[in-house]
Amino acid sequence: MSHSHRRIADLVEKYLEGSLDPRGRLELLGCLKGDADLRRAFLEQLDFSNLVSELYRADDFTMNTVERILWTRRFPQVPGGKPAPRQPRRRPASERTSFWRGWALLAAALLVAVAVVVVLGPPESGPAGRPRASEARKRIVRESEAGSQEERGRALVEAEEKRRNAPAELRDTRAERQDLAGPKAGAAEDPRAKENRGKDLDAHKGDQERIEEQLRQATRPVRKVEGSAPGATAREEKTPPAPAAPAAPSPGTTQASVARVEEIEGEVFRVTKEGRSALGAGADLFAADGLETGGGASRLMLCFADRTRVELGPETALSELRVDPGKRLDVARGRVRALVAKQPKDRPMQIATPHSQARVLGTTLRIIVNPDPAKGTRLDVDEGKVELKDLAGRTVQVESGHYAVAAAGMDLVAKPLAFWEGALAVYLFNEGRGTRIHDVSRKGSPLDLKIEQESCVRWLPKGLAIVSPTLVASVNPARKIVDACKSSNELTLEAWLRPATRTPAGKDGRIAVLSVDTDNQNFLLGQDGNDGPPNSYVVRFRSTATDAVGKPQLDSPGGTAALRLTQVVYSRARSGAAVLYVDGAEVAGATAAGNLSVWNDGYRLGLGNEFSCDRPWLGEYRLMAFYSRALSAEEVREHYRAGVE
Amino acid sequence: MKATMRPPGAPARRETIELLVKEHEAYVRSLALRLSPDPAEADDIAQEAFLIAFRKLDMLDVRRDLRPWLAATVRNLSHRAWEEALRNQRLKRDALAEYLEILAEEPSGLYAEPAKAALRNCLMKLPERSRTLLNLRYNMNLTSEAIAGQITTSAEAVRMALVRTRELLRACIGRALGGAGA
Numbered sequence: 274m275s276h277s278h279r280r281i282a283d284l285v286e287k288y289l290e291g292s293l294d295p296r297g298r299l300e301l302l303g304c305l306k307g308d309a310d311l312r313r314a315f316l317e318q319l320d321f322s323n324l325v326s327e328l329y330r331a332d333d334f335t336m337n338t339v340e341r342i343l344w345t346r347r348f349p350q351v352p353g354g355k356p357a358p359r360q361p362r363r364r365p366a367s368e369r370t371s372f373w374r375g376w377a378l379l380a381a382a383l384l385v386a387v388a389v390v391v392v393l394g395p396p397e398s399g400p401a402g403r404p405r406a407s408e409a410r411k412r413i414v415r416e417s418e419a420g421s422q423e424e425r426g427r428a429l430v431e432a433e434e435k436r437r438n439a440p441a442e443l444r445d446t447r448a449e450r451q452d453l454a455g456p457k458a459g460a461a462e463d464p465r466a467k468e469n470r471g472k473d474l475d476a477h478k479g480d481q482e483r484i485e486e487q488l489r490q491a492t493r494p495v496r497k498v499e500g501s502a503p504g505a506t507a508r509e510e511k512t513p514p515a516p517a518a519p520a521a522p523s524p525g526t527t528q529a530s531v532a533r534v535e536e537i538e539g540e541v542f543r544v545t546k547e548g549r550s551a552l553g554a555g556a557d558l559f560a561a562d563g564l565e566t567g568g569g570a571s572r573l574m575l576c577f578a579d580r581t582r583v584e585l586g587p588e589t590a591l592s593e594l595r596v597d598p599g600k601r602l603d604v605a606r607g608r609v610r611a612l613v614a615k616q617p618k619d620r621p622m623q624i625a626t627p628h629s630q631a632r633v634l635g636t637t638l639r640i641i642v643n644p645d646p647a648k649g650t651r652l653d654v655d656e657g658k659v660e661l662k663d664l665a666g667r668t669v670q671v672e673s674g675h676y677a678v679a680a681a682g683m684d685l686v687a688k689p690l691a692f693w694e695g696a697l698a699v700y701l702f703n704e705g706r707g708t709r710i711h712d713v714s715r716k717g718s719p720l721d722l723k724i725e726q727e728s729c730v731r732w733l734p735k736g737l738a739i740v741s742p743t744l745v746a747s748v749n750p751a752r753k754i755v756d757a758c759k760s761s762n763e764l765t766l767e768a769w770l771r772p773a774t775r776t777p778a779g780k781d782g783r784i785a786v787l788s789v790d791t792d793n794q795n796f797l798l799g800q801d802g803n804d805g806p807p808n809s810y811v812v813r814f815r816s817t818a819t820d821a822v823g824k825p826q827l828d829s830p831g832g833t834a835a836l837r838l839t840q841v842v843y844s845r846a847r848s849g850a851a852v853l854y855v856d857g858a859e860v861a862g863a864t865a866a867g868n869l870s871v872w873n874d875g876y877r878l879g880l881g882n883e884f885s886c887d888r889p890w891l892g893e894y895r896l897m898a899f900y901s902r903a904l905s906a907e908e909v910r911e912h913y914r915a916g917v918e
Numbered sequence: 039m040k041a042t043m044r045p046p047g048a049p050a051r052r053e054t055i056e057l058l059v060k061e062h063e064a065y066v067r068s069l070a071l072r073l074s075p076d077p078a079e080a081d082d083i084a085q086e087a088f089l090i091a092f093r094k095l096d097m098l099d100v101r102r103d104l105r106p107w108l109a110a111t112v113r114n115l116s117h118r119a120w121e122e123a124l125r126n127q128r129l130k131r132d133a134l135a136e137y138l139e140i141l142a143e144e145p146s147g148l149y150a151e152p153a154k155a156a157l158r159n160c161l162m163k164l165p166e167r168s169r170t171l172l173n174l175r176y177n178m179n180l181t182s183e184a185i186a187g188q189i190t191t192s193a194e195a196v197r198m199a200l201v202r203t204r205e206l207l208r209a210c211i212g213r214a215l216g217g218a219g220a
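These protein sequences, in sequence, are chains A and B. Going by my numbering, the first sequence opens with residue 274, and the numbers climb by one from there. Going by my numbering, the second sequence opens with residue 39, and the numbers climb by one from there.
Accuracy of the hints is not assured; some may be wrong.
Said to hold, decoys possible - Using 25 Å as the maximum straight-line C-alpha spacing, the simulated DSS-like pairs for lysine-lysine come out as follows:
1. A:K723 to B:K60
2. B:K60 to A:K648
3. A:K648 to A:K618
4. B:K94 to A:K546
5. B:K154 to A:K723
6. A:K735 to A:K723
Hints listed in this document are in silico derivations from the structure and should not be mistaken for laboratory results. For clarity, every value in this text was computed on a predicted model and none was experimentally measured.
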């Protein structure tokens with residue numbers, strides 16, 4: 274192989290494994306553009322590499338795909354998705370000067386204040402000299418009469434409240450701006466103080482923009498209903514007196530926005546009488562709007578004016594959005610998660626499904642609506658209290674940490690949630706057969722595990738025993754764990770296990786790893802670490818303050834690893850506080866400084882061995898759970914008390 | 039192997055889904071590898087295409103429409119992945135990828151069943167060391183750097199060995215198929 278061919282082959286190989294850097298990509302491009310034979314050979318390499326890959330991984334791909342398809346049908350998920358991208362609102366720093374910043378700030382403040390007064394007008398009738406303001410106010414009053422009076426009234430009150438608060442906030446920001454504008458005449462300024470002042474001014478500008486945005490929202494509570502004459506503005510409309518309680522506004526009327534789309538992912542639609550239309554982030558939602566999400570990772574987050582947030586998972590249909598007299602969501606199918614701000618006692622938020630109705634005064638809850646009446650509606654309450662009523666008229670109070678199911682032929686009772694609810698990935702090892710261990714967390718895409726050699730394991734009534742060395746690992750990188758932990762800078766790993774030996778063969782046995790080999794790990798939980806005391810558990814947790822394997826490690830005291838069912842928990846908080854618990858009791862602690870930005874996105878989750886297959890651990894798994902937050906000592910004790918029996 | 043049509047309105051059973059995925063996955067993955075901004079995303083795109091297809095299965099004649107439909111979906115998903123990659127600055131404007139996108143049309147016939155069967159046989163004839171290398175690369179999904187760490191050689195040597203091993207396999211498949219197809 275000549276040097277040039279060798280070089281090209283090297284570039285192609287790097288491209289195929291995804292490690293070709295930008296300079297290499299340019300070099301490869303140059304080669305491909307100048308040589309037709311090479312182009313053909315390159316594409317053949319791509320196809321052939323895929324063919325070889327398929328031979329090794331086709332079963333994984335097939336099974337994973339089939340499982341995902343079936344899973345999506347059974348349990349539409351609510352993945353922790355990314356927010357929709359937002360347009361940058363600030364100009365680059367190079368375009369701004371401190372002089373302009375100061376004046377722009379003042380001008381913006383004045384403009385916004387004037388705009389608010391002009392558009393909304395004072396609470397009382399304005400003077401004759403301000404016809405536009407009075408016209409705008411009349412328009413809002415007309416709209417509130419034309420549609421749902423109470424709803425628009427509340428929108429007006431909120432807008433009015435924001436308007437009332439705006440001058441005070443603007444006064445404060447103006448005063449702060451003057452303080453920040455510079456040192457008093459004649460006073461010499463410390464360079465550090467000047468630098469800090471610049472930073473404060475930037476932060477101040479951010480506050481100013483936030484206030485402006487709030488005011489813009491306050492002045493934007495109306496839209497023209499689809500179907501009205503194009504070109505006509507809301508201000509110019511002459512809305513006839515509305516009927517007493519119209520089901521939907523007639524064309525030509527205006528309607529107040531009741532909520533706004535905050536985030537979207539995948540396919541999200543607004544459903545109205547006119548049909549279905551795609552929705553984008555930032556879109557206003559109106560009373561009687563229906564919403565639908567597509568499958569896969571589709572989701573939508575909407576926010577009401579009182580900051581009640583509702584998330585629709587994939588394949589969810591919300592047939593109607595109402596706010597009169599209280600908020601009401603009619604969920605036809607799918608998965609809804611709601612973080613409900615405190616609601617007025619006489620106007621609780623209602624979530625209606627084909628099988629039930631939930632009355633909410635302020636809480637965090639999840640609702641899963643299955644079209645099958647026998648499976649019905651499941652309500653999980655994370656915080657607060659929710660009253661659930663089924664079709665037979667029976668009611669049950671569902672408190673924090675409990676769930677209830679309203680379904681045909683089932684008793685309507687509240688039951689405690691499993692302690693692992695809310696975890697990112699959970700394995701119960703109750704499959705009983707086969708080579709696949711399911712992630713039952715219902716968070717994001719399931720991160721199932723595959724047993725490499727079935728002959729090395731034994732299924733137990735409630736667990737899995739590894740009886741000779743093998744690896745149990747996720748087929749794909751554990752992105753959902755990595756992404757969530759990187760974002761929170763926290764992790765809790767909870768294992769319920771029974772070691773088979775006091776000291777694993779060769780020591781340093783791997784109970785759970787997120788790694789690629791012995792030299793590259795995001796974290797590991799093991800038994801009898803190389804440098805640790807005998808019969809102990811060990812955790813290595815990588816951060817910007819550790820090496821590539823997460824050293825210095827945290828060991829439990831010698832003798833804590835015993836041949837009995839044991840709960841082992843490691844939690845690491847954003848502050849760096851790391852604690853190792855055994856059977857609910859704290860046995861070791863340290864400060865694991867730094868953040869998780871160095872975590873590798875491509876590592877897979879493995880149990881029972883290292884990916885290099887040279888750190889076997891033998892024993893029984895009863896439960897493994899991974900959380901993207903640090904559990905408190907009390908929560909760990911509660912989990913221990915709850916047990917896995 | 040062709041999947042049979044299921045009665046209208048009946049939910050697809052696991053076996054049917056599995057058959058359909060198996061029938062088309064090589065083609066879909068091959069196309070995704072050509073079109074995606076990052077080879078590492080190709081399998082995700084291929085899987086997503088299947089998910090979307092199975093949600094809309096009622097609208098498709100699986101014997102006639104599924105492959106073109108999957109191809110179009112892979113193209114759309116790849117396009118979206120491109121937009122996402124560029125928006126997140128994960129990829130700057132990448133002339134190579136744009137060029138490849140132009141080149142990438144239909145994948146070759148290498149996904150056909152005879153080629154796969156021949157490959158299985160040829161794989162058995164490889165020396166142990168080459169099989170280990172392919173296992174680490176394609177089964178364990180390790181990079182050449184990681185493989186180099188395991189078998190104590192340089193990453194470049196690993197890449198060259200992989201190229202040579204694939205060339206051996208291609209020649210073997212060519213012989214098995216009578217000089218056609220590979």
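Status of the hints after comparison with the structure:
1. A:K723 to B:K60: Holds, at roughly 19 Å.
2. B:K60 to A:K648: 31 Å, violated
3. A:K648 to A:K618: 31 Å, violated
4. B:K94 to A:K546: Roughly 23 Å between the alpha carbons, so the hint for K94 (chain B) and K546 (chain A) holds.
5. B:K154 to A:K723: 24 Å, holds
6. A:K735 to A:K723: 18 Å, holds
Violated hints, in rising order: 2 and 3; the structure is consistent with all others.
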